Amino acid sequence: MNNRSLIVSRVSRWVAPLIFVFGIYVALYGHLSPGGGFPGGVILSSAFILTLLARGREATLKRLPFGVAKKLDAVGALLFLCIALVGLAVTGVFFANFIQQRLPGEPLRLFSGGTIMPANIAIGLKVAASLFLVMFALSALRISTDEKDEPIRTLEDK
Amino acid sequence: MELLLIFMLLFMILAGIVALWTDELLSAVIAVGAVGIGTSVAFLLLGAPDLAITQIVVEVVALVLLIKVTIGVGVRTTSGTPSPKRLRLAAAVSVLLLLVMVRSFTGLPEFGSPVMERVDDAPSIVYLEEGLERTGSANQVMSVLLDFRAYDTLGEATVIFTAVFGALVLLRKKGKKDREDADGGEDEE
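Sequence order for the protein chains is A and B.
At position 157 of the first sequence (counting the first as 1) the number is 145 in my numbering, and the numbers step up by one without a gap.
At position 31 of the second sequence (counting the first as 1) the number is 631 in my numbering, and the numbers step up by one without a gap.
Just so you know, these hints were derived from the structure itself, not from any lab.
Owing to the predicted nature of the structure, the values given are computational and were not obtained by experimental measurement.
Using N, Cα and C, we set each Cβ at its ideal position, and we do this for glycine too.
A portion of the hints provided could be inaccurate.
In silico lysine to aspartate or glutamate, EDC-like type, Cα no more than 20 Å apart, as pairs [said to hold, decoys possible]: (1) B:Lys668 <-> B:Asp720; (2) A:Lys58 <-> A:Glu46; (3) B:Lys668 <-> B:Asp623; (4) B:Lys668 <-> A:Glu94; (5) A:Lys58 <-> B:Glu756.
Label-pair ranges, simulated between beta-carbon atoms [said to hold, decoys possible]: (6) B:Val719 <-> A:Pro92: 45 to 53 Å; (7) A:Gly44 <-> B:Gly674: 12 to 20 Å; (8) B:Arg703 <-> A:Val3: 43 to 51 Å; (9) B:Arg703 <-> A:Thr79: 44 to 52 Å; (10) B:Phe705 <-> A:Ser(-3): 45 to 53 Å; (11) B:Arg703 <-> A:Arg(-8): 48 to 56 Å; (12) B:Gly647 <-> A:Leu96: 18 to 26 Å.
The following block holds chain A by itself, in its conformation from the complex:
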């Protein structure tokens, strides 16, 4: 597909990093302002989706390889579970906010809220990787009306 607009691909080069940074902000400041891990992760993945739409699969995979996205998905989910299990180990309560109980931060500062910020980061990672994977898997799907072609081509075909 070489019919992509030069303007779109150039502008996406500038806009995608800004979207990426905004996604990190929304996820990181979830305990202070509206937002949180889920919308932050969706915004992060939308930066990659913009790259995918504007500049194609090769350019996107160079920035976030498929295998790395799969690993990030798993790491995000496991990190969230680990936060819960560490709470269980330290205080004896599943999902206990052990950081806030042991060394409470000053309210309304970035480092406050204990486990809420790490949990937001974990969920952000997870959601960003999952949505990117779904978008990538579905965009790799081609339904051909040509009889000779295989009707559906999937991920492994280039």
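Model the placement of chain B on the given structure of chain A, informed by the hints.
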């Protein structure tokens, strides 16, 4: 503000009807997007910016996905009209649903007076009063989502994880045996 909300709801109903009746898939997808944006604005009017942000962001990504996987692969219009029998059934179900909704919505508390104000020692009162002190989170929504009710969020994360897992398994083409013969391919493990 209630007037604005009613206007948004009417707008959403109108967009929903357009999405159902148009034959062009692109118009239908755009109309569904309009419903989503209407929902987001309604959340904003009701004072729930967390939900509004989530709604608008998910809506935009879902819209792009829908356009990419339906119109992007060459499916442009829907064809065929539903049979009269089916229309009658749909009308009957709609009327039934409307009756159920009227019955259940009359039992709801007054607009603007949440349940937690009517019930003493409801957990939501405790969450709001002691949230900042006990979790240190200035955003009370997050203190509920990731501290008081983090177990629910874990379940939600599991649902997303399983859904993505299922989608990736279904959309791959070759099984493990076939892939050993193929040269190179993508990095899988």
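* To do: Against the earlier hints, flag every one the structure doesn't satisfy and list their numbers going up.
  => 1, 4, 6
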